[in-house]
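Assemble the whole structure, with the sequences as input and the hints as a guide.
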Amino acid sequence: MTAANFVPTGIGIGPIRPRFRRRELGLLILVGIALTAGSVSLGTTRALLADGTLVVQAADPVRLAIFLGALGVAHLAQVLAGRRTDQVLLPAVAMLGGLGLLLMERLPQDQAGSAFGDSLGLAGVQLLWLLIATGVISVLAIVVRSDTWLRRYKYTWAAAGIVLLLLTFVLGEESNGALLTIRVGPFSGQPTELLKVILVVFLAGYLSEFRPLLIDESTRLGPLRLPPVPYLLPMVAMWAIAFGIVVIQRDLGAALLFFAVFLALVYVATARISYVVIGLILLVLGGFAAYRLFPHVAIRVDIWLDPFADPSGNGYQVIQALIAFARGGLLGTGLGAGLPMVGGTLPIPAIHTDFPLAALGEELGLIGVLAILGLYLVIIERGLRIAAAAADDFRALLAAGLALVVGVQAFIIAAGNLKLIPLTGITLPFISYGGSSLLANALVVGLLLALSDRGVEAPPPPRRSRSRLDRLLHRSAA
Amino acid sequence: MDPIVATIWLIRILFLGLLYLFLFGVVRVLMRDLRAAAREPVTALGRLIVVASEVEEPALGTVFPLDAVATLGRDVNNTIVVDDGFASTEHAVLSFRGRAWYLEDLDSTNGTYLNGAPIDGLASAAFGDEIQVGRVRFRLERAGT
Chain A
87 MTAANFVPTG IGIGPIRPRF RRRELGLLIL VGIALTAGSV SLGTTRALLA DGTLVVQAAD
147 PVRLAIFLGA LGVAHLAQVL AGRRTDQVLL PAVAMLGGLG LLLMERLPQD QAGSAFGDSL
207 GLAGVQLLWL LIATGVISVL AIVVRSDTWL RRYKYTWAAA GIVLLLLTFV LGEESNGALL
267 TIRVGPFSGQ PTELLKVILV VFLAGYLSEF RPLLIDESTR LGPLRLPPVP YLLPMVAMWA
327 IAFGIVVIQR DLGAALLFFA VFLALVYVAT ARISYVVIGL ILLVLGGFAA YRLFPHVAIR
387 VDIWLDPFAD PSGNGYQVIQ ALIAFARGGL LGTGLGAGLP MVGGTLPIPA IHTDFPLAAL
447 GEELGLIGVL AILGLYLVII ERGLRIAAAA ADDFRALLAA GLALVVGVQA FIIAAGNLKL
507 IPLTGITLPF ISYGGSSLLA NALVVGLLLA LSDRGVEAPP PPRRSRSRLD RLLHRSAA
Chain B
0 MDPIVATIWL IRILFLGLLY LFLFGVVRVL MRDLRAAARE PVTALGRLIV VASEVEEPAL
60 GTVFPLDAVA TLGRDVNNTI VVDDGFASTE HAVLSFRGRA WYLEDLDSTN GTYLNGAPID
120 GLASAAFGDE IQVGRVRFRL ERAGT
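If you read the protein sequences in the order shown, they are chains A and B.
Per this note's numbering, the very first residue in the first sequence carries number 87; after that it's consecutive.
Per this note's numbering, the very first residue in the second sequence carries number 0; after that it's consecutive.
Everything labelled a hint here was simulated from the structure, so no lab data went into it.
Errors might be hidden in some of the hints.
Claimed, not checked - Label-pair restraints from in silico Cβ distances:
1) G115(B) - T242(A): 22 to 32 Å
2) A43(B) - S232(A): 22 to 32 Å
3) Y19(B) - A326(A): 39 to 49 Å
4) D106(B) - Y353(A): 32 to 42 Å
5) L319(A) - R96(B): 19 to 29 Å
6) F380(A) - T78(B): 53 to 63 Å
7) T242(A) - R27(B): 34 to 44 Å
8) R96(B) - I359(A): 15 to 25 Å
9) P435(A) - M30(B): 41 to 51 Å
10) F380(A) - R96(B): 39 to 49 Å
11) P435(A) - G115(B): 55 to 65 Å
12) L319(A) - T78(B): 48 to 58 Å
Here a beta-carbon is modelled for each residue, glycine too, at the ideal position from N, C-alpha and C.
Structure representation (structure tokens):
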């Protein structure tokens, strides 16, 4: 992870020639027009609600202009660097980020609740993080020309991830009943967001190396054909880590996300349904045990089964979200016209972090929610396409894993908002308020863009020969 | 209908319409990309790229699309002819069985190397691995799209 691993652009690949990105530019212009219309819709509705007159105006033209300007700079940087990276990811992410910015603009500005938040307001902080995220995406997409620093040090990354996890266990501060936040001086962050990226990097490295062993089948358990027993251990270890997160950190969302991404990647690597079946059985058993043993899990499940059992207590937030979706209907109430205040506060306290989809569902309606879910599908599709075009297993698994981690996270929280599965407190990628979430997802998109480059250098040959593994393979096969 | 309310309603619908216009634009790009990929025939399971060669056949940079079985050696009847003095007439077989690649040495005089180490009979290979026959080195890659 030193500077030597980042080969600067232009060395060894001839002079840099600007390369126009017509599709990206066209899509970014559409993003700009749509977000301006959204801002005008919000501003005009606000003016009407304030003094009953029609003033066609944008809600906050300055912040919107800064965000769109940053997107323009990111586009220009890609054009000048002359990289042949994906042209759809940035506009799709920009649209989601812009919708998030509009939502933060629309919510009461004192929700931020931190030292910066009080001076900048909710939208100000979100804009700042969006700018940093855009910067991270562009820098990664342009600078990363080699993935050696990711594939060589997979155990280092895994160790870093476990240290981060332990730090959260020990130093984590409680928010909404879960240990989520680490605070260092004035800075605070949610390590699970970074952990999901590290997990994907490690799994891609691990699975691409041991793929030949994992698809070997020598153990039979009834109708299931299993690989040699030692190679089932990672499955059990991963399950134990997820269970540990549920028990110690009390963070159901992260546990579910990690385990789901793990299963998906194992399936991508081996194309074996038996692993998925075992994983799902372990998940159900673990989930049932947790439900019986731990009250914080039981509460979540009970709320999910019947939120109306305690409508003003535990079930309050979930019920209010359902009512918000119902009020939105097909076309929504319009930005700025929904979300009635109850006693001076919003009915859903965590609306900017956990329930942005409920807010957007009320103000943009079913139509708007479907468009947002469509954008996540687009991101997944791009990731899987990048994986399909990758030169070797590591890159294919990395690209698929990065796309799936965003997609699965969006699904878990969207389904939680809609009471399809128990609600778990994770963020809606690119839309939710918060720096950790935006930064981690920017890392994901930046890496995906870097992986999508068709001019990127060939993957290095494996350093260690697999002969030791082969002997094992043949002994177990014999 | 009150003109103020009507105007605001129109702006609202315009915003939703523009959201879908963007989504439509994205989907059009994706469809074009998928159609272009579908036009390219993807029959190969993988490909071998020559990364080091001092002989004319195979020349450096040659790409061989791979079927389920590919034989390597000096004889002209091999799938991939390696016209190198250090290669045997029937040197090695690279095959795709089930879900994995296997490299088999056919008792060649100078051996077959996988990632720099000589293989002992049969070895499993993966994408990204380097295979050496004689003085010619290949890299096994996914066929890609």
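Hint check:
1. A hinted range of 22 to 32 Å holds for the C-beta pair G115(B) and T242(A), which are about 23 Å apart.
2. The beta-carbon spacing between A43(B) and S232(A), approximately 26 Å, falls within the hinted interval of 22 to 32 Å.
3. Here the CB-CB span from Y19(B) to A326(A) is close to 45 Å, well matched to the stated 39 to 49 Å.
4. Judged by the Cβ atoms, the range 32 to 42 Å given for D106(B) and Y353(A) holds: they are separated by roughly 38 Å.
5. Evaluation of the 19 to 29 Å hint for L319(A) and R96(B) yields a pass: the beta carbon distance comes to about 26 Å.
6. Distance hint check: the CB atoms of F380(A) and T78(B) are about 60 Å apart, consistent with the given range 53 to 63 Å.
7. The beta-carbon spacing between T242(A) and R27(B), approximately 43 Å, falls within the hinted interval of 34 to 44 Å.
8. Checked against the hint of 15 to 25 Å, the pair R96(B) and I359(A) passes, with Cβ atoms roughly 19 Å apart.
9. For the pair P435(A) and M30(B), the beta carbons lie near 42 Å from each other, so the given range of 41 to 51 Å is met.
10. At roughly 46 Å, the beta carbons of F380(A) and R96(B) sit within the given window of 39 to 49 Å.
11. Our hint of 55 to 65 Å for P435(A) and G115(B) holds, since their Cβ atoms are close to 60 Å apart.
12. One distance hint, 48 to 58 Å for the beta-carbon pair L319(A) and T78(B), is violated here, with the actual separation near 39 Å.
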